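Enquirer: All residue numbers for the sequence shown refer to our numbering, where the first residue is 324 and numbers rise by one.
Please keep in mind that the hints were generated in silico from the structure rather than gathered at the bench.
Computed from a prediction, not measured in an experiment: that's the story for all the values here.
For every residue, glycine included, the Cβ atom is placed at its ideal position computed from N, Cα and C.
Treat the hints loosely; a few may be bogus.
Here are the in silico distance ranges between beta carbons for each label pair [stated by the list, open to error]: (1) ASP414 / LEU547: 43 to 49 Å; (2) GLU577 / GLY398: 21 to 27 Å; (3) GLU446 / VAL693: 15 to 21 Å; (4) VAL357 / LEU402: 46 to 52 Å; (5) ARG581 / LYS372: 18 to 24 Å; (6) LEU458 / LYS372: 51 to 57 Å; (7) LEU685 / LEU458: 28 to 34 Å.
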Amino acid sequence: MNDDANHHQQSEQARPGTNAKIRCPPIFVYNWSVTQINNLMSSPAVSVKSFTQKVIKSGIRLQVKEKVDFDKAIGALKLRNAKFYTHGTSDEMPIKIVLTGLPVFDLGELKSELHDNGISPSEVKLVRSTSDGDLAWYLLLFPKGAIKLRDLQKTHALFNVTVTWRYYSKKQVDAVQCFRCQQFGHGMRHCNMEPKCVKCGELHLSNECPLPSLIGDDRQASRLEIRCANCSQNHTANFKGCPSRKNFIQMSEEKKMRRRTATSTGASKPFGATYTSRNRRFADVVKENPATDAAVGGAAAAVGAVKRVAAVVDLAGSASGNQSCANNSSDLFSLSEFLSLANDLFTRLATCKTKASQFLALSELMFKYVFNG
């Protein structure tokens with residue numbers, strides 16, 4: 324699948340003239356109370372009536388519906404030097420393009436070269452480069468609807484060097500990190516948190532750090548001064564192996580899994596509430612849930628097949644009087660237990676909507692029948 328297909332959503336956002344409603348993200352305000360937020364929102368400078376608050380561990384989660392109210396709230400919080408962060412509104416989401424093929428250039432030089440080729444990004448960043456600087460990856464941001472990838476791809480070379488263009492794609496398992504406060508989960512564009520240095524972890528912007536950008540003769544001494552702003556260990560805050568980063572990614576994945584499980588089983592009921600008791604018949608479940616009749620028809624047929632096979636096996640075992648089977652019966656399911664297990668299995672699987680919920684159902688059955696849980 325090519326980049327255009329992978330980033331159809333970005334292309335859709337880039338179309339001018341769309342009248343989609345602007346979505347406003349929540350604003351996370353640290354060390355403020357509900358009363359303070361209410362006073363702020365009702366002040367003459369803001370005067371916003373339609374908003375909601377949720378008390379969280381470190382402060383308030385403020386949500387407004389209209390962009391004009393969102394901008395007012397952000398402006399008022401900045402004026403009061405409040406510690407907060409948020410994200411861009413849906414209309415502000417830029418088009419992100421990755422430019423590769425060039426060595427490391429001064430960003431001012433690169434912007435000038437792009438401008439000479441009719442390309443005017445709102446922002447240019449050096450994402451990463453090889454240790455010798457011979458190959459670099461640049462991230463270019465364009466206003467929504469300002470550019471299309473196929474137009475950029477008509478420019479085959481910059482500085483007489485062949486280049487390639489593609490949409491930016493975030494890794495499936497990764498963490499967004501703010502370059503201002505070094506926390507995970509948001510970017511620096513909409514962050515008003517206390518700044519922390521990516522190198523020494525102190526309370527200043529990274530570009531104001533007294534540590535040398537390139538460690539020379541005092542390599543060892545400078546290395547010992549490096550401190551992570553998140554875990555306080557001897558590495559920079561953007562180190563991919565940081566324990567805090569790994570913990571954030573793990574917690575994010577677990578949160579996603581819980582959401583999927585809640586969606587598949589119904590938010591109003593606990594997971595086990597959708598299952599039937601051991602004493603209820605499979606046919607009764609289907610009758611009570613006619614919408615699932617077609618989906619579980621195969622399961623009902625399978626239960627019938629299991630019963631017929633089990634009856635033949637039981638009859639053959641009785642006729643032969645096989646003593647060895649009788650000796651091992653304590654380690655096997657009895658016919659009634661096996662039929663109950665099969666009935667319970669297909670009943671539970673019929674309510675599952677994801678692989679995760681199927682796996683959990685199988686695990687519960689194993690503990691129930693094998694370990695008598």
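Enquirer: Regarding ASP414 and LEU547, is the given constraint of 43 to 49 Å on their beta-carbon distance met?
Expert: The hint (43 to 49 Å, Cβ to Cβ) holds, given that ASP414 and LEU547 are roughly 47 Å apart.
Enquirer: 51 to 57 Å was suggested as the range; check whether the CB atoms of LEU458 and LYS372 agree with it.
Expert: holds, 54 Å
Enquirer: Measuring from beta carbon to beta carbon, are LEU685 and LEU458 in 28 to 34 Å?
Expert: Given range 28 to 34 Å: violated, Cβ gap about 48 Å.
Enquirer: Within 18 to 24 Å: is that where the Cβ-Cβ distance between ARG581 and LYS372 falls?
Expert: The hinted range 18 to 24 Å is violated for ARG581 and LYS372, with Cβ atoms some 34 Å apart.
Enquirer: Given a hint of 21 to 27 Å, does the C-beta separation of GLU577 and GLY398 actually sit inside it?
Expert: violated, 36 Å
Enquirer: At the C-beta level, are VAL357 and LEU402 separated by a distance inside 46 to 52 Å?
Expert: violated, 20 Å
Enquirer: So the hint says 15 to 21 Å: do the beta-carbon atoms of GLU446 and VAL693 match that?
Expert: Because 58 Å falls outside the window, the suggested range is violated.
Hints 2, 3, 4, 5, 7 from the earlier list are contradicted by this structure; the remaining hints agree with it.
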